[in-house]
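Asks: The working numbering numbers the first residue of the first sequence as 1 and each following residue consecutively.
For the record, the hints were derived by calculation from the structure and aren't laboratory data. Watch out, some of these pointers could steer you wrong.
[Claimed, not checked] Result set (EDC-like, lysine to aspartate or glutamate): computed pairs, CA atoms no more than 20 Å apart in a straight line:
1. Lys143 to Asp176
2. Lys143 to Glu153
3. Lys143 to Asp129
4. Lys272 to Glu262
5. Lys272 to Asp260
6. Lys143 to Glu262
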Amino acid sequence: MPELPEVETVRRGLAPVMEGAVIDRVTLRRPDLRTPFPPAFARRLTGRRIVALGRRAKYLLADLDNANVLVMHLGMSGSFRIEAGDGQAIAGRYYHARSTLSAHDHVVFELSSGARIVFNDPRRFGMMDLVPRRGLEESRHFKEMGIEPLGNELSGRTIATLFRDRVAPLKAMLLDQHRIAGIGNIYACEAMWRARLSPTLPAGRLAAATPAARRKAEALAAAIRAVLEEAIVAGGSSLRDHRQATGELGMFQHNFAVYDREGEACSRHGCKGIIRRMVQSGRSTFYCPVCQC
DNA sequence: AAGCGAACCTGGCTGC
DNA sequence: TGCAGCCAGGTTCGCT
């Protein structure tokens with residue numbers, strides 16, 4: 001499911017009920033997700049107050065009052081849902097009533113606010129870990145992680161530096177979390193279309209010392225920033241199963257220019273192209289063969 | 001070392 | 001209706 005905009009949407013949904021709440025009880029309904037839960041995971045969380053809920057790339061970070069951070073990743077199919085007692089408002093809003101847990105509800109957090117937070121993940125590519133706040137940046141999840149695309153670092157110059165001498169296709173570089181972190185298959189396709197760049201362009205070409213290359217790198221940086229920001233405003237993209245933690249659907253899928261639109265007309269003004277699908281490093285790439293060159 | 005492909009796991013959809 | 005095959009928003013490992 002979730003790329004940066006979906007994770008940010010989930011964070012914004014969870015923050016009002018999690019921040020300031022104490023974790024009364026944690027239930028693990030299986031021993032692992034993609035990786036095992038760390039030792040004594042539930043016990044170490046119990047009784048802790050959640051100070052803040054943050055995000056780094058596609059990771060959610062719950063800061064705890066004992067200087068540890070609960071690190072969570074949604075993988076491909078992970079989602080959170082917020083439940084409350086019947087008719088009980090939390091932080092001024094109503095949530096779904098408590099439901100019977102289903103087979104893929106793997107983790108349940110019961111909070112002092114009365115909220116119950118359920119993590120569901122059919123494919124179990126998600127992950128949870130507990131890491132000391134000091135040294136978080138050096139932990140295995142974040143040590144090699146690339147820049148935050150909505151932060152100040154992203155620019156044409158940065159892209160040129162990150163892609164210099166790389167011969168791999170642009171699409172593969174955008175998916176490489178060690179360079180820019182948070183972009184996934186949908187937003188890589190959408191950003192390349194917005195910047196009118198070919199997915200097969202050797203990424204290093206954007207680092208050439210020519211005005212044209214500089215313009216392309218700037219266009220790509222602007223496109224990445226714009227598409228991620230617009231998607232966040234729309235509550236992310238709901239394809240099969242992504243929902244916001246509040247249960248609402250994201251709406252950005254209606255704004256896709258290329259993703260999952262094979263065979264449709266390119267929507268760029270004046271372009272007569274037909275959207276095509278190709279496979280790059282095992283993933284579908286959607287693009288317009290006419291205006292992305 | 002960089003760049004691929006495969007693997008992890010389940011469910012939904014398509015076509016026979 | 002049943003079943004095989006393919007595809008899916010991510011990450012990591014292992015092979016060239």
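Asks: Take the hints in turn and mark each one as holding or not.
Replies: These are the hints, each one checked on the structure:
1. The suggested pairing of Lys143 with Asp176 holds, with an alpha-carbon distance near 14 Å, which does not exceed 20 Å.
2. Proximity of Lys143 to Glu153 is assessed by CA-CA distance (about 17 Å); at most 20 Å being required, the pair is judged to hold.
3. Taking the CA atoms of Lys143 and Asp129, the gap is near 15 Å; set against the 20 Å cutoff, the hint holds.
4. The hinted pair formed by Lys272 and Glu262 meets the criterion: a straight-line CA distance of about 14 Å does not exceed 20 Å.
5. Using a Cα cut-off of 20 Å, the hinted pair Lys272 and Asp260 holds, with the two alpha carbons roughly 18 Å apart.
6. The hinted pair formed by Lys143 and Glu262 fails the criterion: a straight-line CA distance of about 37 Å is larger than 20 Å.
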